[in-house]
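Chemist: Next come the chains, spelled out residue by residue.
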Amino acid sequence: MRPIDKGSWPTKGSHGVRKRVFNDWTRAIPFLKGRTGRFCHLCEMKVTNAIAIEHIKPKEHFRRLQAHWDNFLLICNQCNSHKLATIPISPYKKKYYWPHLNNTIKAFDFKITGEIIPNTTYLTTQPQIDRANATIGLYGLDKTVTAQGNSDDRLLERLEAYKQAIDRLIEYTGVPQLATVPAIVANAKNTGFFSVWLKVFDSVPVVKAALIDCPDFHLASTNSFNAAYQLTDRNPANAADPI
Amino acid sequence: MRIDKIRIKNFKGFEEEIFLLNPHFTVFIGDNAKGKTSVLDALAVAAGSFLRGIDVAKLESRSIDKNEIRVVTKDGQPLPQIPVEIHAFGNVNGKDIDEGWLRTVDKISPKKTNTTYVKAKNIEKVAEDMLKLSRSGSNVIFPVIAYLGTGRLWAEHEEKKTEYKKTGEGVSQAYINCLSPKSSSKEFLSWYKTYEDEIRKFDQDSDKLLLKTFNSTIVSMIPDNHWQDMAYSFAAEDLTGIFVTPNGEKEKLQFRQLSDGYRNIIGMVADIAYRCLKLNPHLGKNAVKETPGIVLIDELDLHLHPNWQRRIIEDLKNTFPSIQFVATTHSPFIIQSLREDELRNLDSKIISQKNPKDIPINKVITDIMDVESIKSDDFEKRFNDARSELEKIENARPDKKLTMDDYIEVSKLLGKLLEEETDDAVYKAFLEKQKEADDETN
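Heads up: the sequence lines are chains W and F, in that order. 1 is the number of the first residue of the first sequence in this note's numbering; add one for each residue after it. 1 is the number of the first residue of the second sequence in this note's numbering; add one for each residue after it.
Okay, chain F solo, but in the shape it has when bound (with noise of 0.2 Å):
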């Protein structure tokens, strides 16, 4: 599943717009206010589509609310804007839908707000025929769909003991809670612990495949092998961690005690993995590798510092690379991260030509977040310094006809304004090493 354009229309704070989505990564900047979540409940809205032809998840579908319509103030009173449209574009399960499919709300009512679904039908039988296919003991592939929002950092305050958790089919829990903007930890906690359990007693292969794909992706996304292993502890009633210190010893860390980024890149990446193995534990040690679906993720930086911030998209990208990220982000580490089209500014329709990856990071704070209390560094002094002299060379030649000396003194010139300026690393040790060898001659 995939979703490559979507049109918002009077929606909580947009009056129509389209925004088109990069199949792997898109991030949305802008200031607060801007609309970035909104864009996330919008995409929430559109995925949940999906989720009406699940029989057992369509409650988890989401609707639009009564007060996510937009509102123009006039003479004082507040005029709800109708109709409310979430048009979404994309792929599901390898078929485009190019018609789309659309969400509505056409009339308010003093009771109820009902959002229509009649125009996203089409989505509805797709996952209808696949629900349908599944039962008859075909492997289908359904796409996770889960939205991370602010609130998402798990166990913080839930001192509820964690349940053994029955089997059910996968769909009816893979989807539980997946587009409430608060990841549901319990529900991977206790699945991680009756299963561990089970694994001990019955020594089913199969499971403990899946057990040992889901380690090692929690694993793998700690920075710097940091993490060996993983268990359920049921002393302690939570997961643990088999950590090694810079001298090579193992310690035991519950994950209640970690910090609240580790926790919060924990808690995100096992909600992904536990839903992956849940849908399709058919595809075996590749469930997490290949299951497609649409996540969202607000505030992805949240309580990451700068370095796991640099890295976390890839991070992303590398452990789940059939899904589609939606995130939103304040960091410029994270920005700076980004491919040329992987990101999109609410503030401004003017998207630099360059690669995010390309630009230094005080840059990306004034050029792409505008941020203008940083100190921009003054181009224009060096840019007019350096006309003059290349303007006495262009003026001593009147047929216009530069000699090759003329050409060797302009690139030294253009060398020396470039290098303060360009954002290329390895042009710029490029041009420092021409001018000392320049230096060196002289």
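Chain W with its partners taken away, still in its complex shape (with noise of 0.2 Å):
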């Protein structure tokens, strides 16, 4: 899952300093695409018209939190469809990760058979692996086949991605080079699934680096990446999960 930096709630008036209203909660998603991107916060999936906002805290049960900026978040309909009732379990921050607290990258691994679980190479306690798991029951990140037995659209899209990450891999690497690193991620930037392609090319600094550093993926203020284009922590200060 990619990690995203919402900002502060956007403002309105010539100084900056009326917050701005979203009573009209859809109005928040023209600031989300252009601070974040236009993927789905939780699956990754590339999203263009048919998108909506996710309320953490659903709005039926905390109405003051309706309208409430930091309660937003940028979700496509399948994976709104899979939360549709779901209540978070209070603490919600200490419960699951989330891509705008926690290097969410950290959190999860995208495996080659499309399937999304906790990522045990920095997941070591139990309770880490507990919490990437209730995120992804929160919205059904690990599902398959619906209900009709027809593929759930993320798992094809995302194995979408990976078909296309791995072909380009294969070209990048081969010789003669037949894909150059703009035209990988130009089409990293068409698939969506960041996580996927960074992965897969996860051996190839120079790839790598253009990635993190595309500013479509809008990773730069996050702070999940050094100089050195390593992941890092979040919340350094938290010692028993600092992710």
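In short, the hints are calculated from the structure, not lab data. Positions of the beta carbon are idealized from the N, C-alpha and C atoms, including for glycine. One or more of the hints may lead you astray.
What the hints assert, rightly or not - Covered by chain F, according to a simulated footprint, are these stretches of chain W (three or more residues, beta-carbon under 8 Å):
no., segment
1, 158-164
2, 188-197
As the list claims (entries may be wrong) - With a straight-line cut-off of 27 Å between C-alpha atoms, the simulated DSSO-like cross-links for lysine-lysine are:
no., chain 1, residue 1, chain 2, residue 2
3, W, Lys143, F, Lys357
4, F, Lys289, W, Lys143
5, W, Lys12, W, Lys33
Join the two chains, each given in its own frame, into one complex according to the hints.
Modeler: Set out below in structure tokens:
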């Protein structure tokens, strides 16, 4: 899961002091798209128009939070429909990993089989693994098949991203070199699933750096990578779970 | 004129719903009795509020009928629910109406159900101002408003003689019956007859231009250049199309001899085009292309062959680029021809992320229209087979570092799985090509 930085509550007025009102929360969509890119915050699928605002705490139960910037995420319809009536367990910030609070690349592993599992390379304690599993469960990120026996759209798109990333890797490392770095980054922007591309190109530093630096993925302000493009913790003060 | 958002409360089957409309084309789908036509009825009430400001067409505006009030049955007795509210937000004459305009039924009386219009005065005022300007000689662009219901098949059982039409103010004629769910075929027929006669006798260039625009609009909607031209036949008392057979021979056919499918489309397009020309004759040959407005069409697929269903939306968009269309349908072919933001499903709130254009027709039926009996392909089994192969590759490398040979194998496996499943025809063709190349090298 790609970490994001939503930034502070958008303001209006010439001095930028008054908070914008989001009684119609769909008005927050352009701000979130502008600051974090056009990808679902949970599954990383590329989304165009059919996108919704996720209320982390459901608006039906937390009326005060229905127009609250901190409660918003950008979410695709598939992730949203799996959440629908579920209320996150409190305190939600501790029970789950969130792309705007944690370095979620460390928390989840995207397998080549298309599945999403806790990333045991970085998650070392059982509470951490439980936390990752809770997030996967909340949004049905591990769904593979729909009730009708068809493929879950997110799985299919993820596998397509995997296929394209691997093909680009084969082309890039082959002789003659058929894929260029900008073409690979453009392909990644097009398919979405940053985590998949990062994983496939982990052993190719030039491409990895270009992916992380690509402005469309909005990673610069998330404090998730250091100058050497290695994953860093976002909550170093939290000794038990710095991720 | 454009409606971006409509809130419907206690109207027919709706307790309270909000619908966002695409500025160009919105199609509602859903089971029978899910409220597709009700949405159009509500939009007709909303759009009709504009007509309250047009004095000569005031009676064409539509109120909320007594039997459109939502009823809840409790202990065997029906309880009508008030207030009924139809609240529309949008743009009229180039200006956004942010607060929207609201029509309501607040009380029920034994005699007559009154639909309020006090909170729709804003749109009424816009219309009044436009009319005033128009009468003082300015060129005002009026919006076309039309509701084409399922009873729109014109000339069915209509044996009445086509009268000559007296000319009158455009707005008084262009809005006649515009919100009754039957299109008024006789109106454009009378107009056409009179107009053609006039041109024959007086030969005015501006008149000619409008008639030519009307003809070319209708001829352009007929696929494969079947129709070359059309004219009014006084002998047959009907419109006549000049038709070209596959052998290149010209043939004349009266419109009443045409199939229901053709008559449906021609009746629909003629009705809209006639209203455009009546409202904004000063736009000349651009009257059809530049007239804005709202057109509601119930069951767009009525009598159309799937091939025509596929292209009807594009054709309407091209012919009337400034009009906002809202339609209902049961046709998977129409759904498949839509763009991503043009579909509204009354059965479920879950909209597929994908552009309906990219979904194969069997998936449109199972995934979007939710028909279960169609045999869905066995994705689960194929996925599980591929997964065990992929896991074998992954588990063979305890350090999780795949070699390039591993990756080549993974790419092949994924390609095979996706080829069966992908919705993108171009990508599918690419995967097939890639597989061929792989087979050759092996």
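Chemist: Are the hints correct? Go through all of them and say.
Modeler: Results of checking the hints against the structure:
Restraint check on the segment 158-164 of chain W versus chain F: 4 residues with Cβ-Cβ distances below 8 Å, three needed, restraint holds. Residues of the segment 188-197 of chain W lying with their CB closer than 8 Å to a CB of chain F number 0, which falls below the three-residue condition for coverage. For the hint pairing Lys143/W with Lys357/F, the CA-to-CA distance comes to about 24 Å; that is within 27 Å, so the pair holds. About 47 Å separates the Cα atoms of Lys289/F and Lys143/W, which puts this hinted pair outside 27 Å; it is violated.
With a C-alpha separation of about 18 Å, the suggested pairing of Lys12/W with Lys33/W holds against the 27 Å cut-off.
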